[in-house]
Every structure is written in structure tokens, then in C-alpha cells.
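Build the full structure now, drawing on both the sequences and the hints.
Heads up: the protein sequence lines correspond to chains U, D and C, in order.
Per numbering that gives the first Met the number 0, the first sequence starts with residue 0, numbered consecutively.
Per numbering that gives the first Met the number 0, the second sequence starts with residue 0, numbered consecutively.
Per numbering that gives the first Met the number 0, the third sequence starts with residue 0, numbered consecutively.
Keep in mind the hints are simulated off the structure, nothing from the lab.
C-beta: ideal position from N, C-alpha, C; glycine also.
None of the hints are false.
Label-pair ranges, simulated between beta-carbon atoms:
1) Gly26(C) to Leu77(D): 39 to 49 Å
2) Gly127(C) to Leu204(U): 50 to 60 Å
3) Trp84(U) to Ala92(C): 57 to 67 Å
4) Asp240(C) to Arg200(U): 28 to 38 Å
5) Phe185(C) to Trp84(U): 20 to 30 Å
6) Asp208(U) to Val36(C): 22 to 32 Å
As a plain string of letters, each chain reads:
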Amino acid sequence: MRRASTVTTPRKLSPYAIARTRRKKSLQRFAQAFFGQPAGVIGLVILSVFVLLAVSAPLLFDREMLDITKTLGNESLEPPNGDFWLGTDENGRSILAVLVWGARASLVVGLAASLISMVLGTLIGIGSGHYTGLAGSALQRLTDWFLVIPFIPLVVVLAAVLGQRGLGTIVLVLGVTSWPGTARLVRAQTLSVEGRPYLERAKVLGDSDWQQMTKHVLPNVMPLVIANTTLTVAIVILSETTLAFLGLGDPFLDSWGTMLDKATGAGAASTGAWWYLLPPGICVILVVLAFTLIGRTLEVVLNPRLGSE
Amino acid sequence: MSDVAALELRDVHVTYRTREGPVPAVRGVDLSVFAGEVVGVAGESGCGKSTIVSTILRLFPASATVTGEVLLDGENVLTMRWGRMRAVRWGVASVVFQGALHSLNPIQRIGTQLVEPIFLHDKLATDNSAATKVRTLLEQVGLPARHADAYPHQLSGGQKQRVMIALALACDPQVLICDEPTTALDVMVQAQILELLIGIARERSMAMLLISHDLSVLGTSCDRVAVMYAGRIIEHGPARAVFDWPEHPYTRALSSAFPTIGDAASRYAPSGLPGDPPFPGDLPSGCPFHPRCPSALPVCPTVDVKLLPAGPGRTAACVLVDQSVPTR
Amino acid sequence: MAVAAAVRAADSDPEPQRPARGGQQGGLGRFIGYRLVAGLGTLVFVLLFNFFLFRMLPGDPAARYRAVKSISPADLAKIRDELTAPLPQQFVAYLKDPLALDGISSWKGQPVWDLVQGRAWPTLVLLGATTIVAVVIGVWIGIKAGWNRGSRFDKVSTAVTLLFYATPEFWLGLLLILLFSTGIGFFPGIFPSGGVIDSGIDPLSFEGITSIADHTVLPAVALAAVYLAEYSLIMRASMVDELGQDYLMTARAKGMMDHMVRRRHAVPNASLPTITLIFLNIGFIIGGAITVETVFSYPGLGLLTFEAVSEQDYVLMQALFLVFTMSVIVFNIIADIVIAVIDPRIRT
Ligand SMILES: Nc1ncnc2c1ncn2[C@@H]1O[C@H](COP(=O)(O)OP(=O)(O)O)[C@@H](O)[C@H]1O
Ligand code: SF4
Ligand SMILES: [Mg+2]
Chain U
0 MRRASTVTTP
10 RKLSPYAIAR
20 TRRKKSLQRF
30 AQAFFGQPAG
40 VIGLVILSVF
50 VLLAVSAPLL
60 FDREMLDITK
70 TLGNESLEPP
80 NGDFWLGTDE
90 NGRSILAVLV
100 WGARASLVVG
110 LAASLISMVL
120 GTLIGIGSGH
130 YTGLAGSALQ
140 RLTDWFLVIP
150 FIPLVVVLAA
160 VLGQRGLGTI
170 VLVLGVTSWP
180 GTARLVRAQT
190 LSVEGRPYLE
200 RAKVLGDSDW
210 QQMTKHVLPN
220 VMPLVIANTT
230 LTVAIVILSE
240 TTLAFLGLGD
250 PFLDSWGTML
260 DKATGAGAAS
270 TGAWWYLLPP
280 GICVILVVLA
290 FTLIGRTLEV
300 VLNPRLGSE
Chain D
0 MSDVAALELR
10 DVHVTYRTRE
20 GPVPAVRGVD
30 LSVFAGEVVG
40 VAGESGCGKS
50 TIVSTILRLF
60 PASATVTGEV
70 LLDGENVLTM
80 RWGRMRAVRW
90 GVASVVFQGA
100 LHSLNPIQRI
110 GTQLVEPIFL
120 HDKLATDNSA
130 ATKVRTLLEQ
140 VGLPARHADA
150 YPHQLSGGQK
160 QRVMIALALA
170 CDPQVLICDE
180 PTTALDVMVQ
190 AQILELLIGI
200 ARERSMAMLL
210 ISHDLSVLGT
220 SCDRVAVMYA
230 GRIIEHGPAR
240 AVFDWPEHPY
250 TRALSSAFPT
260 IGDAASRYAP
270 SGLPGDPPFP
280 GDLPSGCPFH
290 PRCPSALPVC
300 PTVDVKLLPA
310 GPGRTAACVL
320 VDQSVPTR
Chain C
0 MAVAAAVRAA
10 DSDPEPQRPA
20 RGGQQGGLGR
30 FIGYRLVAGL
40 GTLVFVLLFN
50 FFLFRMLPGD
60 PAARYRAVKS
70 ISPADLAKIR
80 DELTAPLPQQ
90 FVAYLKDPLA
100 LDGISSWKGQ
110 PVWDLVQGRA
120 WPTLVLLGAT
130 TIVAVVIGVW
140 IGIKAGWNRG
150 SRFDKVSTAV
160 TLLFYATPEF
170 WLGLLLILLF
180 STGIGFFPGI
190 FPSGGVIDSG
200 IDPLSFEGIT
210 SIADHTVLPA
220 VALAAVYLAE
230 YSLIMRASMV
240 DELGQDYLMT
250 ARAKGMMDHM
260 VRRRHAVPNA
270 SLPTITLIFL
280 NIGFIIGGAI
290 TVETVFSYPG
300 LGLLTFEAVS
310 EQDYVLMQAL
320 FLVFTMSVIV
330 FNIIADIVIA
340 VIDPRIRT
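What follows is the structure in C-alpha cells.
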């Protein structure tokens, strides 16, 4: 909304102080805009709950409870009861305990892989937008090619090819397959930034390519990248679940996807063991939903074009 | 000239409800346009010109509350049934919109878009008659008939605006409303488009409401002009007179120092007036112009200025006007 | 007369691109040509990628064939020679047969393309059902929600579609099996939970078709729910983008009814991103159905992929990967062409 404003220029402030107050102001504005969006707030609340659970997992349930050699005494596939609020799995473990520990796995994998994807996507995106010559178009081609490679089969094949399946492998596989979308977005934004006067000026003043990209382009694409990365986290968590479900996850890591894999293996769907099937799925949905809601809100708040409601 | 105005606004108020509170964009406007007349409305960006246009065909968003009367040939638009409203739209009055360059559907051929209102309003139209009509319309606005097969992106800004004018004429309306029809165009083309519009209106004896931020253009081409400020008409009268001898200090500022036509910057800072136009959601007290008025008196922040007689066929809303009336 | 003067002056108006009569078709043809060449480039990349991806395998690639009894020791030795040759030599061999037309599955000992062929039709059935349901319902919801932004329908449908968007399709599949195949509480177990057709029935007979439908309902619903969510969300966003456009104001001012403005002007413009996504997804679903086909033991290409991975049958994986990638490329090209047909700005 357009508004009349009388701008008073602060004269005696150092540029540093001005920059600081401006940053503080824009942060305030951002927070105000974000918290004005119910969807974003809901997402943040859901996410906070899961982060809290993940962090306090060792306090809530002893690690020992996940060790199948220690749970042999419990009945397997027991429906929810006073001792086991969500029942037990086929090894007699408390599903609630596995679930809470699973939050760690999902969040860690989601965030770490998205970080890799963000760095790759931003570098390749800015590079392909900034360099006009062969390098630029080569990077663009690369992005286009990776965009057409079907994601799930690639991940499945990569995971199979990479053999030993640790947490690191999964993070790596998901990270290196998630970047093309980000790169394309960043490239478009870079191109629009490149056309702006201050970049022309920087070029004339002889800033190096690196300076131009880090000082001018990067700060301008960053808001978009952050919103996009938040949405990527959602997709990565879904992919991790899929991988683990197909038995391509880390067999020693109790993620929600692994739980679902084991539940299917134990015939939960065909024997009616709903307490084994529902909780991990609902947790995945909630966390993915949380990141999606936050990402969409960030998009609206950070993107001036979308923001004008 | 019949005694019923082709278009008449009576005490029209428009308030937008927004999250930041109500925005009274138009605050009591009276204006009439008779057949064969060209009436101009001038004023800075944000003074409520487009909002007025939106009331005429009831095209305002749901967030707007409109009161008063908007009469097309004596019939109140604001209380019409929807069926009648749709018939009146384009049939009785049509609009050349402000966003000239985006007012056409980008993925439809020009001809398709021109034909659409013809079939909509003339139940007897045939494919043949409509095609003939399209050809005539395009020729009337100075475009070759083959442009009917073109897509909007293949035309220049001026050509697109000509298409918009052809579109506005498609159903032979009595009233033609032009909301800053030349703003988005380059200087050379602006004059041509304006000439075309005025010529067509005069030739067909239409009632035309011509909106512009450029008072000098209106002064030379209209019969009457109204000058708006902060949602109100603050001066009204014969075009030449208002432009040559402005009564209101705001009109004076608009007319004296107006830069050349087509200077894009002039739209945002006309006449080098100090300060910005007020935001309608937060208007200054008294005469809303007083913070920027070079002739402001101590009483100006408190008096509620009304349009007062200010010479033959003229009115102006300023405390200074009272004193100047007898000298004329 | 002023009009005449202005009319004459019109020709001094700068014209960026003169519309040439009949030039549209030529533009489209050129565009398609260009698109096919670009697609070919992508294909070359994929073939290279495919070569290196499957040469990074750990272990002795030929060892797996030992389990297959139908392969003679001589053939086994030949396969080993091929698979252990130096990379450049392998590459030459690969270039002679990039599609692995005479590749042998290490799992079944059959030519891989025979396996692929036998599994293609169930996937196509599933894909067709899923796409039709997801497109029709998703686009409808998106249009209605976006056009009436902020309405109750918009709020509810956006909440529900976001929920489906966040749901792993295979979990939905498990849930559907639990509810409608196993049956629990008052939910009836009426649908089969495995296969694509009851054994011993001719798929082209009436019983065959109903049996296929019976087997396809649940997996199709699981997949469609997720894709439907995606379509409706993007269609809604595009509709909202169009809402503020000037040409819609023009259409309304012409006196059109609201639903005509929507159908004739807003939807065609807003549908462009969704159309791209739909075609792209057709390519992706072929591969993305892996989990759902696995859950329902639905014998399509997805289940075959799962089996290839479990059996570590890399030749089969390679062939499947090629099928998936090629289908994405092909549907990508189709999407671009459809868009170009609709949007004149693309083809000039
Ligand atoms: N849909 C709307 N919602 C809220 N405020 C609006 C809306 N449309 C216009 N306004 C406000 O109303 C005032 C008048 O706008 P407008 O009629 O477009 O002015 P003009 O056409 O003279 O430039 C402006 O301050 C503008 O911000
Ligand atoms: S009333 Fe006062 S402030 Fe308003 S225009 Fe007249 S002199 Fe200026
Ligand atoms: Mg306006």
C-alpha cells in the first residue's frame, strides 16, 4: 500500500549505525508480516513442538528402549495400553519411544540435505545467471538436464549404487538430487538483479565477478533462497521417508520411514495394526506440512511481488 | 443536448476497507457530462480518479463501499439489477482503461476480443456482420484490418491503445470514459491517441469523461474540467478558463509549472509542489491541501472548505475564493 | 478532421513485430523443431549419465548372474568380459547399444526389455486413471478456490490440499489397504490389495476390465490424492496471479457474466503453469509410482524397479531408469508444444 511519508534523514549517524537500525527495522517489519499470517504461525508452532521432542528425546525415552535385544520381554504388536501409549512394534519396542527418536532422524536428514541442496543450487544458479558466456550456458544446461531426471528413481538408484547406507550417504544422495529447482529459481532472480543500476555501477567501478556476486547478487537472491530451502526441507523429508520405506535407508537409524518399512514388513496393514501405521505417517505429514506452511509464508512475506495482497 | 445528463455523479463517496482501516478515496463528488461534451478530470496520482471510473460501471472491488448516485442517462447504476448492469456495461458506457498495455488478453487474437462484446450485446449479430464491424472499428482507429489476426504482444503500445479504443466503440456506447488513456505511451504517440479519442467523441456526439494527471492537455481539449484533490473536486469550470486563470491554489500549481507532456516524472511530482499528495486514509484536517499550499492562511487547517461559486460557470473550494468572486 | 489526421499518423507508430498473415503456423513449426533438438541434447546427456551412474557399482557385476541357471557358463564368461573391460572399451560397447537392447536381467535371466514390456501396461493403466482423476478434481478445486480467494471454499480446500500435499502417497496406500482391503471397524474390506487382475481372466474381456478397475482403484486414489493436491495448489496460485490482471477488468467491463470471465479469460491464462506441471508429472509418475505399486504389489514398472533394486539387478535398473528419463523428456517436449499452441508469446 502506498503511503505518504515524510522522510527525515538522520544526519549525525555513522553509516554503520544507519545500516544497523535499517536492518533492525526491516527485521521488525518482517516479523510483523510473518506473524500476521496464520498459516505461517501454525507451521512454526508445529515445527517447534517437533524440534522440542527431537531435542529432548534422550530425556523422554532412554536410548536403551530402542535396542531390540532389551525389549524381548515385551509383547510384540501390542495395541495401545497404559504401559505403551501407542502400543508396541514387532520387536516389542514402545512405538512412542521410536517415534520420538525418529523425529531426530527426519529433522537432521531434512535440514542437512536441504543445506547441501541450497549451497549447490545457489552457487549454480548465481553462476549460470551471472556468467554470460559458455560457462553460464553450460551451468544452465546442467540444471535443465538434472530437472528431467526423475527424482525418486535417481535417488533409489544412487542409494543402491552408493552401497553402504549410513546417515551421510542418505543426506548426500538427497542433497545432490534436490538442487536443480533452487538453481533455476536463483538463476531467474540473478538475471533480474543483473539488470539493475547498482550492478551496472559495480561493473563500471571494476568490482570482480566474485565481488559482484557476493556483494550485490547474493543478498538479493537470499530471501528467495531461504523461502525455497524451507520448501525443499519438506520435500527432502518426504523423500527420506520414501527411501527408508523402500529399504534403502540406514537400517540402524530409526526414522519414520524405517518404521513404516518395518510396519509393512510386519504386515501391519493386513493385520489391522493401525497403531503401528498411523503415528509415523501422521508425524511425517505434520512436519512436512509445517515446513510447507512456513515456506509458503516466507515466500509471500519475502517476495514483494507476491506480497501485495 | 438533452436536459438529462448522459453521465451524472451525485455526492459519490467511495471508501475502501483495508487492514489498516478505512480509506476514503472519494469523498463527495458531483459531476455531470452531457452528450456531445468532453469533460476532463485532473489531479495527482492517488486523488481518486480511477476510483470514480470504477463506480460508473460498478467495477469496484468488494472491499469498496459506495454511496451516492451514479446516473447513466438518468438510471442509477448503483441500484441496478445485475442483468441490467451487464447490459449497461459496454452497451451504454465503455472504458479505455489506464493500464493500456495489459488490458488485452495476451493469448487471444485481437479480432476475437473485439468480437466478444458485439455478440454479447447484439443478439442479432452474425459471424459476418461481426467481422465487418471489427474491420470498420479497426479502420476507424487507424489500424489495418489484418491486425484482427494479430496477438497483443505483436503490437506496439500505441497500437494496443488503438485496439482498446476500437474495443470501447464496439457497441456504440453513449458514454466513453478514458482513464489516463495515454499515460503508458511514449510522447509522440500520446498526442496522436488523444487527438483520435477527442475526434471520435466529437464526431459521434458522445459524452466523454477524459481523465488525466496533465491539466494542460485537458485545458486545450475539453469543454469543462474538474480538478480533484484528496477525493474531492476542488475546482470546476470551463476548461480554458480554469487552465488560464486558476482560482484554487492547487489548480494554479498544476497549471503554471506543468512540465512538457509525456514527461514520466511529472506524473509523480507535478509542478514541483512540495511534499507528497496526502494518503486518503490519513488526511490533514480542514482544507486537505493546507500542508502544501503556498497561500495557506492560519484558518485553513480548521475550516471545512466547500465548492463555492467562483465566476461564470465556475466553482472552487478555497477560503480565498470568497474574496475573489466580486472582482470578476 | 482530427480523426483523419490521427488515423494517418498511425503509421508513424513504431511496430515491434509486424503480424504476418499465416506466420503463426511457421512460428509453431520452428518452435517444435527447436524443442526436439533440445530434447535430443538432453537425451544424449542422459545416456552419458546413465553409463557412468551404472559403472560406479561396487563388487563383481558378473557374480550376480551365477544364480541364474538359464545362463550357460560360456555366456557368463562373455558377460564377465564385457563388464570388466576397461572403461573406454565399455563405453564403445555402450554406444553401440545404449538402450541395452540385448541386456540380460541378472535376476530373471531374461532380456530386460521383455520384462519391461510385460510390466508397462499396468503402469499405464494406473497412470491414466491417476492423471485423469487428479487433473479433473485438482484443477477444478484450484480454479474455484483461486477465483474466490479468501472464501470458505478456498480456506477449506487449501487446508485439505496442503495436508494431502504433505502426505507420503505410499502411507496413504497403506491406510487405504487397512481401511478398504483389510477392513477395520466399520470400514469394509472390499478391494483387493495385490495384483492388477485376478488370475486366469482375459484382460480384454468385460470381467477382465472390471477386475483391473477393482485392483486399480486404491492405488490410483492414493496417487491421485497427492497429485491432485499439487495441481490444485498451483492452479489456485496461478488464478490468484491472474485475478488482478487488467484484461480481466476489461472482460468484466464488457458486461460478461462472472463465470464467463473466468472460463474464457482467467482460466486459459492461468492454466499454463499447471499444464506444464501435469505433463511433467506424467513423466514423473511413471517412476514415482514405485512406492505405491510396491505397497499394492501392483505389477507395473514401479514394482519392477523395486524388485530390480532388491535383487541388485543393475542391467534392469539401467533399462528402467532410461524408460523413466525418456518419458520425462518426451512429456516435457509435449508440454512445451501444448503451451506454445495456447500461448502465442512463446512461439514468436
Ligand atoms: N482496491 C483498493 N483498496 C484500497 N485502497 C485503494 C484501492 N484502490 C485504490 N485505493 C486507494 O485509493 C486512492 C485513490 O486511488 P485511485 O482512484 O487509483 O487514484 P488515481 O486514479 O487518481 O491515481 C489511493 O490512495 C489508493 O491507494
Ligand atoms: S483553503 Fe487554504 S490551504 Fe486550502 S487551498 Fe485555499 S488557501 Fe490553500
Ligand atoms: Mg488512476
